[in-house]
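J.: 2 is the number of the first residue of the sequence shown in this note's numbering; add one for each residue after it.
In case anyone wonders, no lab produced these hints; they're calculated from the structure. It cannot be assumed that every hint is accurate.
Below, simulated EDC-like cross-link-like pairs (lysine to aspartate or glutamate); rule was C-alpha separation at most 20 Å, straight line [said to hold, decoys possible]:
hint, residue 1, residue 2
1, Lys43, Asp26
2, Lys13, Glu64
3, Lys71, Asp36
4, Lys13, Asp36
5, Lys71, Glu37
6, Lys43, Glu21
Here are the computed distance ranges between Cβ atoms for each label pair [to be verified]:
hint, residue 1, residue 2, range
7, Ala100, Pro24, 56 to 62 Å
8, Thr84, Leu62, 49 to 55 Å
9, Phe95, Asp72, 58 to 64 Å
Idealized CB from N, CA, C, for every residue including glycine.
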Amino acid sequence: MSTNTIVNIFGKNYTLGVDEDHPADHVQLVAQLIDERMQQVKGEVRADSPLQVAILASLNLIEELMSLQKDYASAESEITQRTSRLTASLGRLFAEVEASSSDS
């Protein structure tokens, strides 16, 4: 069942739908973060309209997202490599243990 919540972004109220996947508290938090980013951009640059502020804030957020995605991919790759090395090491250890057991 979908309901609505009202959020305030950059001095303007918006009615947004909420549901199980996007509960009201989550939607409110997202709106708050967007508002904070827009207020930050407004304080840093001279923008003539709320649309310009929104576009600049969006560019900043996407740049941050892309950086985090790159960091995540790098960490994921490193974890995969370490897991492969550990698996290979365990395989060698098991082989040594089996060889020692069969020699006894």
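J.: Next step is simple, just say for each hint if it's right about the structure.
T.: To see whether the hints hold, each was checked on the structure:
This hinted pair does not check out: Lys43 and Asp26 have alpha carbons roughly 25 Å apart, beyond 20 Å. For the hint linking Lys13 to Glu64, the alpha-carbon distance of about 25 Å lies beyond 20 Å, and the restraint is violated. Between Lys71 and Asp36 the CA atoms are separated by roughly 25 Å; this puts the pair beyond 20 Å, and the hint is violated. For the hint linking Lys13 to Asp36, the alpha-carbon distance of about 10 Å falls within 20 Å, and the restraint holds.
A distance of roughly 24 Å separates the Cα atoms of Lys71 and Glu37; the hinted pair therefore is violated under the 20 Å criterion. In summary, the hint linking Lys43 to Glu21 is not supported, as the alpha carbons are separated by about 33 Å, beyond the 20 Å threshold. Roughly 57 Å separates the CB atoms of Ala100 and Pro24, a value that falls within the hinted 56 to 62 Å. Checked against the given bound of 49 to 55 Å, the beta carbons of Thr84 and Leu62, roughly 32 Å apart, lie outside it.
A hinted range of 58 to 64 Å for the beta carbons of Phe95 and Asp72 is inconsistent with their spacing of about 34 Å.
Against the hints set out earlier in the document, violations occur for numbers 1, 2, 3, 5, 6, 8 and 9.
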